[in-house]
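Peer 1: Sequence:
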Amino acid sequence: MSAQFDRLEKCYEYVRTVTDFIPRAGLILGSGLGGYARNMKVEKEIPYGDIPGFPVSTVEGHDGKFLLGSINDVPAVVMKGRVHYYEGYTMEEVVLPVRLMRRMGAEILFLTNASGGINRDFSVGDFMLITDQISSFVPSPLIGENVSELGERFPDMTHIYDEELMEQIRRTAAEEKISLKEGVYLQTTGPNFESPAEIRMYAVLGADAVGMSTACEAIAARHAGMRVCGVSCISNMASGLSGEELSHLDVQAVADLRAREFERLVTESIGRMAKGQED
1 MSAQFDRLEK CYEYVRTVTD FIPRAGLILG SGLGGYARNM KVEKEIPYGD IPGFPVSTVE
61 GHDGKFLLGS INDVPAVVMK GRVHYYEGYT MEEVVLPVRL MRRMGAEILF LTNASGGINR
121 DFSVGDFMLI TDQISSFVPS PLIGENVSEL GERFPDMTHI YDEELMEQIR RTAAEEKISL
181 KEGVYLQTTG PNFESPAEIR MYAVLGADAV GMSTACEAIA ARHAGMRVCG VSCISNMASG
241 LSGEELSHLD VQAVADLRAR EFERLVTESI GRMAKGQED
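Just so you know, the UniProt record's numbering puts 220 at position 220 of the sequence shown, and the rest follows in order with no gaps.
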């Protein structure tokens, strides 16, 4: 047994001492979705700090706990507050929560975040369906000894974001009359915002939005055999595109303004995904 899997098993064993809940879906809440619990029937809360060897969120606006319950009648585990690489954690620690959700039984991972818009056709407050990603600017979460109990050494990433799940989100947005853009998400290490020159480079590479999370989580989830989807809230235009200085408070403010609509999109999409699996 690898050291990584041993650590995961200890976390899993603790969780099973406090609940026998088995989720079908996992949801990671980005900035602005901290109040998402109002959309679910919460059966159990597990603070990250209670789990042995588990990383704890340190960023303002990111509570550190798992919520276990139902979303649109779908059993789900929700990360209320994610862990970021820039907080000083190793990439293994950053994706440990994703692996734990998979170990608990989750088959689908729904990623959300707040990001900076690079695509000039985007506006602040837009929602972007993540269709692909660029993770070349952060270390791979799969570096080191392979966790063979979770997945193979060289996993394919041709379809990181599940085509069927993306279509379910598109249909949900159309039915709910929620405007939805689409694009490629690029992850940086953070915590500093990017320079204008870097943003110009990312645009040349094909990125439509940039942020400091998500891509590494998607890789770990796909390695573990989960189906992945994601939606980003464009909380600001990236550096050099608006002429304004960027701040985390502004990011949170925009995300908070769009929170209710974002929550509706996520909730209805998860319900549709579960129905799609049953049909």
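The hints are simulated quantities; they were obtained by calculation from the structure and are not laboratory data. By construction, the Cβ of each residue, glycine as well, lies at the ideal position given by its N, Cα and C atoms. Incorrect hints may appear among the rest.
[What the hints assert, rightly or not] Capping the alpha-carbon separation at 20 Å, the derived lysine to aspartate or glutamate pairs in DMTMM-like fashion look like this: (1) K181 <-> D162; (2) K44 <-> D73; (3) K65 <-> E149; (4) K177 <-> E149; (5) K41 <-> D73; (6) K44 <-> E13; (7) K44 <-> D20; (8) K181 <-> D63; (9) K181 <-> E93; (10) K181 <-> D126; (11) K65 <-> E9; (12) K41 <-> E245; (13) K177 <-> D132; (14) K65 <-> E43; (15) K181 <-> D132; (16) K177 <-> D156; (17) K65 <-> D20; (18) K181 <-> E263; (19) K41 <-> E9; (20) K177 <-> E263; (21) K10 <-> E149; (22) K41 <-> E175; (23) K10 <-> D20; (24) K181 <-> E163; (25) K10 <-> E93; (26) K177 <-> E145; (27) K181 <-> E149; (28) K181 <-> E87; (29) K177 <-> E167; (30) K41 <-> E13; (31) K181 <-> E164; (32) K65 <-> E263.
[As the list claims (entries may be wrong)] Simulated DEER-style distance windows between Cβ atoms: (33) E13 <-> D121: 24 to 34 Å; (34) D121 <-> D6: 43 to 53 Å; (35) D250 <-> V56: 23 to 33 Å; (36) D73 <-> S195: 24 to 34 Å; (37) E107 <-> P196: 17 to 27 Å; (38) T58 <-> D250: 34 to 44 Å; (39) G206 <-> T90: 25 to 35 Å; (40) D156 <-> R260: 12 to 22 Å.
Peer 1: Which constraints among the numbered hints does this structure fail? Numbers only, ascending.
Peer 2: Result: hints 3, 4, 8, 9, 12, 13, 16, 19, 22, 26, 27, 28, 30, 33, 36, 37, 38, 40 break, sorted rising.
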